[in-house]
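Colleague: Chain by chain, the residues run as shown.
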Amino acid sequence: AQKVTQAQTEISVVEKEDVTLDCVYETRDTTYYLFWYKQPPSGELVFLIRRNSFDEQNEISGRYSWNFQKSTSSFNFTITASQVVDSAVYFCALSTRTGTASKLTFGTGTRLQVTL
Amino acid sequence: DVKVTQSSRYLVKRTGEKVFLECVQDMDHENMFWYRQDPGLGLRLIYFSYDVKMKEKGDIPEGYSVSREKKERFSLILESASTNQTSMYLCASSFKGLSSYEQYFGPGTRLTVT
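Read top to bottom, the protein sequences are chains A and B.
Okay, so the first sequence: first residue is 1 according to the numbering used here, each after it adds one.
Okay, so the second sequence: first residue is 117 according to the numbering used here, each after it adds one.
Think of the hints as simulated: they come from the structure by calculation, not from any bench.
Heads up, the beta-carbon is just placed ideally off N, CA and C, and yes, glycines get one too.
Do not rely on the hints blindly, as some may be mistaken.
Partial chain A-side listing against chain B, Cβ under 7 Å, derived [claimed, not checked]:
id: 1; residue: 43
id: 2; residue: 44
id: 3; residue: 111
Pulled out of the complex, with its shape left as it was, chain A reads as follows:
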């Protein structure tokens, strides 16, 4: 069975601080994909990144970076110099191929509050 754990329920930071959102996953499959989504107050989930299990290179996109470590089954997300617009709920998700389609297993989300 697949499982995704986001142990941080809520994080509050002051603007310009760096913040890391943790994600730990469990799966017995050797081929899998990891995702991060952002859910702003408007409610619509926005796709941020997809990473497959064979690609452990870290990725940077502007102020966002992701650290994938298979040895610890973690896929952590760091926001550098946070801004108020980063305030949202962030979800980590795991996908494995099962029969007819690839299904996502979501973590419970981390609510990030960035204040001035």
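Fit chain B to the known structure of chain A by using the hints.
Modeller: Relative to chain A, chain B alone:
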């Protein structure tokens, strides 16, 4: 730009009513999904469809059914709404293939059953 739309942002229904939630996507995606989102539980998959008229149960299908008569449209049906089905419902779509493609989500429908 991928666009997934849902018929209502907010809905209030009475216990026992039949409820239809509609989802439409415009990217010719083969896969479509229905989730519910509850505080502290994240998103849980109710049903998904990988082709027209094809469907599979997700993790929490009890009390729900779905319909996919056209590729772009996926409906979630609550046959007899109950108060424990009060929740945020999210529809998503994705390409089908050997890889696992990202899902694109609609804005959600917040359903209240009284």
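Colleague: Compare the structure with each hint and give your call.
Modeller: Okay, the hints, checked on the actual structure:
Checking residue 43 of chain A against chain B by beta carbon gives a least distance of about 5 Å; that is within 7 Å, so the hint holds. Taking 7 Å as the C-beta contact cut-off toward chain B, the hint placing residue 44 of chain A at the interface holds, the least distance being around 5 Å. This hint is violated: residue 111 of chain A has a C-beta 10 Å from the nearest C-beta of chain B, more than the 7 Å allowed.
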